[in-house]
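Quick mapping for you: the protein sequence lines, in order, are chains V and Z.
Using my numbering, the letters of the first sequence map in sequence onto residues 1 to 337.
Using my numbering, the letters of the second sequence map in sequence onto residues 1001 to 1167.
Each statement offered as a hint is correct.
Here are the simulated lysine-lysine pairs, BS3-like style, with alpha carbons at most 30 Å apart:
#1 Z:1070 / V:44
#2 V:44 / V:157
#3 V:44 / Z:1002
#4 Z:1070 / Z:1002
The hints are simulated quantities; they were obtained by calculation from the structure and are not laboratory data.
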Amino acid sequence: MQPLPPLAWSAPTTIDEVVAALAEGVPGEVRLHAGGTDLVPNLKRGVTSARRLIGLGRVAELQELVDGPADALGVGAAVTLDDLGRDPRVVARWPAVAEAARQVASPQLRRMATLGGNLCLDTRCRFYDQSAFWRGALGGCLKADGDACHVVPTGRKCVAACCADTPAPLIAAGAELELASVRGPRRVHVADFFAGDGARNHTLAPDELLVRVWLPAPAPGTRAGYQRLRRRGAIDFPLLTVAATVVVERDVVRAVTVVVGALGAVPRRLRGLDALAVGRPLDAAVRAAIAAAATRQCHPLDNLGDAAWRQAVVAPLVRRTLEALEPATAPDAASLR
Amino acid sequence: MKVSLEVNGAARAVDVDPWRRLLDVLREDLRLTGTKEGCGEGECGACTVLLDGAPVNACLVAAGQCHGRKVTTVEGLAGHADGGAVLHEVQAALLACGGAQCGICTPGIAVCASWIVDAEPIGADAGARARVRELLAGNICRCTGYQLIVDAVVEAAQARRAGEGEP
Ligand SMILES: Cc1cc2nc3c(=O)[nH]c(=O)nc-3n(C[C@H](O)[C@H](O)[C@H](O)COP(=O)(O)OP(=O)(O)OC[C@H]3O[C@@H](n4cnc5c(N)ncnc54)[C@H](O)[C@@H]3O)c2cc1C
Ligand code: SF4
Ligand code: FES
Ligand code: FES
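I would like the entire structure built from these sequences, with the hints used as guidance.
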């Protein structure tokens, strides 16, 4: 058991206090502490460093779900994944997001883990997620303390994977993030929040706080689904995630989005699906065509191990997701449940 | 930092580093050594305690996060009646079913199972065992193979319903 380094800790109660504390801190020394389920193990292994932590557990605004304009729902960044996965509004209208939240880790961890922490989760790589001693024996890598990547030896960028469950279904749902800093608020689509470098795979500035995730009301006829691959039935991080949103009108597809995660640093939105599916019914042939496109566009690396298995599972997992879509009901129907 | 919390129904106060793990506060500062450390990283569930009634991994909770909150450990499961201790339904069922071998996972299993019996409806239907397995998925046991633990939780849920006058 590795000990934790000494850390200062504060627990502000308002968003303004949090962003002020972030602005005062030295980047790399000050970090936000939500559920701590990623941060604590990473601090122990020296995968992350920090000297001051700012706890988010007492900021009431971050723990709330609020109804927004045009039937959107704002989920506070510190809402736990357990609460998210059970919220009747989320279950009825964003079933893939709820399902992803319910798939994370274990019952215990989901009661600590937050949505904000899930989005800002550090990337994972089997060569990096080890003790500092273990990593040192390999001579470090591009993510820290080295100049080569052990996954792609000729590569110039770290390809550690975004292994969180919620990003793919949030991107497929068109969700937006509300961020705050002393410089003011900003909004960004979840898809644009991520950046293609495993060493730092999101565009959050060091002084920024993720405040809320905005889920836009699903269009009529929307169906959504989420599936993931893992070694055991619980606890383990995903080795692949697949989220789909399909809008069906009078039995034909009007729009389709499929996002595959846990490949590299950024969840991948499949391209060219409109030509395969729009204007047709979502039948077995169309599902197979989308699955084949996924195989062509997704290439799991050795960052999480089992690259060949993961490659073989891409198509079946996409097909299964499209077979098991659930209706994302309109708000009035949801309230009748 | 002065942290006031309620542990097993009693008000307690400790003066500790806010970043001290709840697990160490319980085991070392409060001498409640029933809660065990397995992995120290959230993987095994041996350190499971209830925080405001919900199961969490005490190895990942900081003392500072517990100010003003209620903690239940395995020591707090048994009740008292007629001057003696009365085991919680899950403790009695784990004993009766043989749901423990080396015992390192047992306090975490008992605490998590007490939450299942209190908070989650576990019926006598065919899906009950699968549901218990899902809810116990965060507790690893290297000895028993889980069958007898699942038996015990299903039996404890039954005992609870019988105690509440339900068939
Ligand atoms: C055994 C184990 C299994 C796991 N399995 C899974 C799994 O299957 N799927 C999965 O997705 N995850 C898994 N996790 C990882 C983790 O539990 C979750 O991703 C969780 O949602 C992280 O949230 P947190 O609140 O605990 O984050 P923290 O650990 O508190 O924070 C994580 C990071 O996000 C930053 N952060 C947190 N909140 C904010 C905010 N509001 N604004 C800006 N930055 C913020 C922190 O500074 C930190 O860098 C697992 C963890 C463990 C220990
Ligand atoms: S992908 Fe390469 S650079 Fe990134 S953490 Fe793994 S070994 Fe290091
Ligand atoms: S010791 Fe806490 S989960 Fe293993
Ligand atoms: S009884 Fe030994 S680990 Fe469960």
